[in-house]
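Peer 1: Let the hints inform the model, and build the full structure from the sequences given.
In the order they appear, the protein sequences are chains A and B. Taking my numbering as reference, the numbering of the first sequence is continuous, increasing by one, and the terminal residue is 169. Taking my numbering as reference, the numbering of the second sequence is continuous, increasing by one, and the terminal residue is 513.
Chain A stretches covered by chain B per the calculated footprint, using a threshold of three residues with CB under 8 Å from any CB of chain B: (1) 43 to 49; (2) 76 to 88; (3) 93 to 101; (4) 139 to 145; (5) 149 to 163.
Don't read these hints as lab results, they were simulated from the structure. Backbone N, C-alpha and C fix where the C-beta goes; we use that ideal spot for every residue, glycine too.
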Amino acid sequence: MKNQTEKSSFEGLSPAEIQEINAEISEYEDKMAVSTEALKIIQKHRRWVSDECLVAVAELLELSPAHLEGVATFDNLIYRQPVGKTVIHYCNSVTCWMLGSDQVRERLCRHLDVELGEMSADGEYTILPIVCLGACDHAPVVMVGDELRLDITEDAVNEILGR
Amino acid sequence: MDKWDKPLTKNIRSERAFATLTDYRKTGGYQGMRKAITELRPKEVQQWVKDAGLRGRGGAGFSTGLKWSLVPMGYNGATDAHQTRYLVANADEMEPGAFKDRLLLEQDPHQLLEGMIIAAYAIQANIAYIFMRGEYHLAAKRVENALQEARTEGYLGKHILQSDFNLEIYLHTSAGRYICGEETALINALEGKRANPRAKPPFTVVSGLWGKPTVVNNVETLCNVPHILQNGVEWYRGLGRGSDTGTKLFGASGRLKYPGLWELPMGTPIREIIEEHAGGMRDGYKLRGLLPGGASTGFLLPEHLDVLMDYDAVAKAGSRLGTGTMIILDDKTCPVRMLLNIEEFFAQESCGWCTPCRDGLPWTVTLLRDIIAGRGRIEDLDTLAGLTRMLGPGNTFCALAPGAMEPLQGALKFFREDFEQYIPGKLAAGGED
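Peer 2: Pasting the structure below:
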């Protein structure tokens with residue numbers, strides 16, 4: 007897959023990442039409990055979690071890499087391969103499906119000339135499916151980065167992609 | 081109608097605005113907490129909520145007060161200060177078709193916090209978590225902000241209202257998977273483990289988070305609690321129209337004129353929700369069926385429109401109230417394709433821990449895909465019916481697979497001709513595809 011050719015020159019976790027992860031630990035009985043939050047902190051800084059990052063986070067939390075990988079690959083919102091600057095999640099659960107999520111997916115992928123999970127050529131976007139976003143009365147819906155967008159029409163897709 | 085008819089949403093004015101701390105206090109906010117902590121003992125609070133008849137709004141419908149009363153509290157009801165207990169608010173709303181908790185989290189976050197403070201006091205928990213799905217970014221921002229305000233006001237922290245009660249609430253945002261909403265899987269996720277469910281017993285009220293007694297309550301459930309304390313048990317019991325008490329957020333989505341979410345008395349008839357509140361079907365569409373409480377509840381038909389939306393009445397009609405947010409099947413949507421979408425969701429979201437679910441759900445999907453592609457045989461319908469039994473209650477670790485089978489079970493019965501029209505040699509004249 008073309009997304010996996012990117013090799014990072016990994017120089018360890020940054021002081022900011024380590025500090026943010028450590029700050030979470032005080033809220034729980036042990037370090038393991040911050041597994042997901044630590045991976046999310048990595049993604050905030052690097053967009054995705056590389057093998058090297060995963061091992062470094064495991065070491066910081068005194069966990070086996072296998073344990074952390076078990077969490078990382080289980081979670082829908084942890085990316086184990088590079089993604090674009092903005093990830094667009096389109097809801098493909100039942101109400102959105104009934105009201106046109108297939109067309110939303112087709113339009114997004116066609117406009118960006120990507121398959122699901124790929125990064126657009128300019129590195130700006132990745133399109134991924136997501137389960138019900140809890141806005142079924144405004145189906146179909148998408149989440150652009152952190153922002154929920156409702157009642158998605160063809161025009162809305164164009165506007166989201168800025169073209 | 082007096083102003084208390086809609087306790088849960090009385091501060092919510094529009095889809096855009098949200099209730100600030102000032103707004104929340106203006107309508108009596110944090111008075112229920114004051115009453116509980118300064119006037120009642122923990123066991124009395126449990127009893128109030130039990131007497132009010134509040135049942136879990138996450139789908140299972142278990143008595144909230146009863147759940148609290150199962151937490152070990154020490155001898156003779158005296159609380160043991162050395163025993164750690166936890167409260168968790170389940171804000172992992174991910175049932176397809178459900179969109180009720182997001183509203184409460186985004187638009188009146190203090191209501192949840194007050195409910196949590198009262199619940200934590202009732203079970204004498206000193207630490208509580210809000211387990212929120214990662215996609216609810218706006219909700220996370222507003223809840224985090226409300227937590228800061230509550231700390232500043234002294235509603236959280238040490239010696240709340242000059243009492244001996246201490247409480248800290250932390251927001252934990254997840255990174256996904258439907259199974260995290262199952263309470264034992266949620267606890268594993270909160271501990272930083274893969275979110276597989278745990279064997280029950282032991283039940284979480286005895287051994288939950290890090291092996292300590294833990295109560296997991298749905299967001300909407302907790303949001304009911306302040307109003308019970310503030311206005312009393314009798315008032316709360318009087319809100320329901322059927323055998324259940326209180327109000328409920330009811331939603332409807334699909335090809336309706338005005339899909340939406342409304343706070344209505346528990347026991348409001350389905351017809352009233354669809355026809356009055358949602359404005360009926362869009363022009364050119366007819367109602368063919370509905371899943372009353374999200375994707376994991378069984379089909380009801382137009383003949384069930386007069387069924388009351390409460391736990392017992394919907395169960396009697398052969399389905400479940402679930403989340404109370406209904407998905408409408410119209411006459412131009414193929415029920416078999418709708419089922420395929422639903423079963424694809426459950427197959428994808430299965431954690432893979434137990435065999436019936438891990439293997440049975442993909443098998444269900446394969447059969448439905450084959451049928452739709454015209455490669456099905458009439459015996460496949462028997463195989464699907466067999467799967468609804470094999471993946472049913474009692475054969476799996478948790479309720480995911482049994483829930484996935486609920487819509488399939490009814491569809492095989494009610495929409496058999498829709499399945500048959502795809503089977504070669506069974507094609508009805510004029511059938512499409």
